[in-house]
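Novice: Here are the chains, one letter per residue:
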Amino acid sequence: MALMMRWLLCVLLLVPALGQAAVEVREFDDPVTEQRYRDLTATLRCPKCENQAIDDSDSPIAGDMRDRVYVLLQDGRSDKEILDFMVNRFGDYVLYNPRLEGRTLLLWGLPAALVLLGALVVILMVRARRRTASRRLSAEERARLDALINRERTE
Amino acid sequence: MKRRLLLLLPLVGFLALGAFLYMGLSINPFERDSALMARDFPAFELATLEDPERVVDASLLEGEVTLVNVWGEWCPTCKQEMPQLLDLAERGVRLVGIDYKDTREKGSAFLDEFGNPFEVNIFDPDGTLGFDLGVYGAPETFLVDRDGVIRYHHTGYIKPEDVRDTILPEVEKWR
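Order-wise, the sequence lines are chains V and U.
End of the first sequence = 160 in the numbering used here, gap-free, step of one.
End of the second sequence = 184 in the numbering used here, gap-free, step of one.
Quick caveat, the hints were computed from the structure, so don't treat them as lab data.
Quick caveat: nothing in here was measured; it's all calculated off a predicted structure.
Note that beta-carbon positions come from the ideal geometry of N, C-alpha and C, so glycine has one too.
It cannot be assumed that every hint is accurate.
As the list claims (entries may be wrong) - Going by beta-carbon spacing under 10 Å, a handful of chain U positions derived as facing chain V:
| no. | residue |
| --- | --- |
| 1 | Ala52 |
| 2 | Phe53 |
| 3 | Ala56 |
What the hints assert, rightly or not - Residues from chain V shown here face chain U by an in silico Cβ test under 7 Å; the list is partial:
| no. | residue |
| --- | --- |
| 4 | Cys54 |
| 5 | Glu55 |
| 6 | Gly68 |
| 7 | Phe95 |
| 8 | Gly96 |
| 9 | Leu100 |
| 10 | Glu106 |
| 11 | Arg108 |
Said to hold, decoys possible - Using C-beta positions, here's what the derived DEER-type ranges look like:
| no. | chain 1 | residue 1 | chain 2 | residue 2 | range |
| --- | --- | --- | --- | --- | --- |
| 12 | U | Arg113 | V | Glu39 | 45 to 55 Å |
| 13 | U | Lys115 | V | Lys53 | 42 to 52 Å |
| 14 | U | Arg113 | V | Ala117 | 23 to 33 Å |
| 15 | V | Ala117 | U | Lys115 | 48 to 58 Å |
| 16 | V | Glu39 | U | Thr112 | 57 to 67 Å |
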């Protein structure tokens with residue numbers, strides 16, 4: 006009975022591992038290449054599934070792309086060459102991190118431009134306020150001020 | 010008064026941004042253009058489905074405007090699409106098929122059952138040509154001009170009305 010329980014426990018412990026069987030086991034010559042593989046498959050977006058990276062998708066095309074990334078890495082290609090290779094076939098859509106180029110200038114530039122604009126507005130407001138605060142009193146205002154102070158004294 | 014109006018500026022900016030983002034919600038990501046638009050059809054060297062001895066390459070697509078359809082026996086939508094493709098072939102459009110990630114037996118059986126509108130079928134069992142074309146599902150259809158340049162791309166099912174409304178006008182445009 007105890008032996009059977011032990012077997013059952015072993016089987017149950019294997020269940021989570023079965024759930025992840027879709028992701029292939031790959032062999033790498035060195036940990037650096039392995040890390041590059043992980044990074045690349047995490048930043049490439051699956052063209053079929055709208056919002057999943059290819060390392061996270063069971064779709065056949067994501068599997069093909071992972072295979073290709075692996076082969077290209079074994080070929081000694083650079084990260085940029087591999088990303089170019091994918092963009093040439095599947096378009097900018099597959100990049101989770103869009104590149105900085107003419108077409109994406111607005112995308113990258115707008116937030117920075119808005120922050121600068123906000124800072125400019127704050128600076129102008131502070132300056133305007135300081136100017137009104139330190140403005141000299143006119144003769145009429147000074148006379149009123151004197152009158153108010155004197156009233157307090159005489160009371 | 011003028012300064013008061015300036016206070017409305019952030020609200021106007023916010024509404025403009027809201028409208029822009031709202032429009033983004035109605036964009037269908039599967040209608041995006043192929044990355045291969047206006048580029049040469051990728052180089053390949055593959056046997057045909059009809060004759061394993063006959064090897065064809067990209068020069069197959071030169072000289073005449075050709076509709077290249079990516080299909081597979083495993084793809085249910087491809088079966089629904091066949092009447093439209095047969096219709097196009099009957100109207101004199103040259104069609105070439107790519108039998109994508111399939112076996113010869115299943116691919117041939119598919120054509121026997123649903124008809125064969127294709128002048129020839131390129132057999133692509135590993136999906137390598139499909140990969141170079143940026144195909145991420147089937148069916149997908151490419152229009153290639155007489156110089157072998159990709160001019161139009163249709164992702165997914167070709168509806169009966171698409172034949173008249175989009176495919177035929179595109180074919181005429183590049184003829």
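Novice: All hints, please: hold or fail.
Specialist: Okay, the hints, checked on the actual structure:
no., hint, in the structure
1, Ala52, "violated (13 Å)"
2, Phe53, "violated (13 Å)"
3, Ala56, "violated (20 Å)"
4, Cys54, "violated (9 Å)"
5, Glu55, "holds (6 Å)"
6, Gly68, "violated (10 Å)"
7, Phe95, "holds (5 Å)"
8, Gly96, "holds (4 Å)"
9, Leu100, "violated (11 Å)"
10, Glu106, "violated (15 Å)"
11, Arg108, "violated (13 Å)"
12, U:Arg113 - V:Glu39: 45 to 55 Å, "violated (38 Å)"
13, U:Lys115 - V:Lys53: 42 to 52 Å, "violated (22 Å)"
14, U:Arg113 - V:Ala117: 23 to 33 Å, "violated (56 Å)"
15, V:Ala117 - U:Lys115: 48 to 58 Å, "holds (55 Å)"
16, V:Glu39 - U:Thr112: 57 to 67 Å, "violated (34 Å)"
In terms of the numbered hints stated before, the structure departs from hints 1, 2, 3, 4, 6, 9, 10, 11, 12, 13, 14 and 16, listed from lowest to highest.
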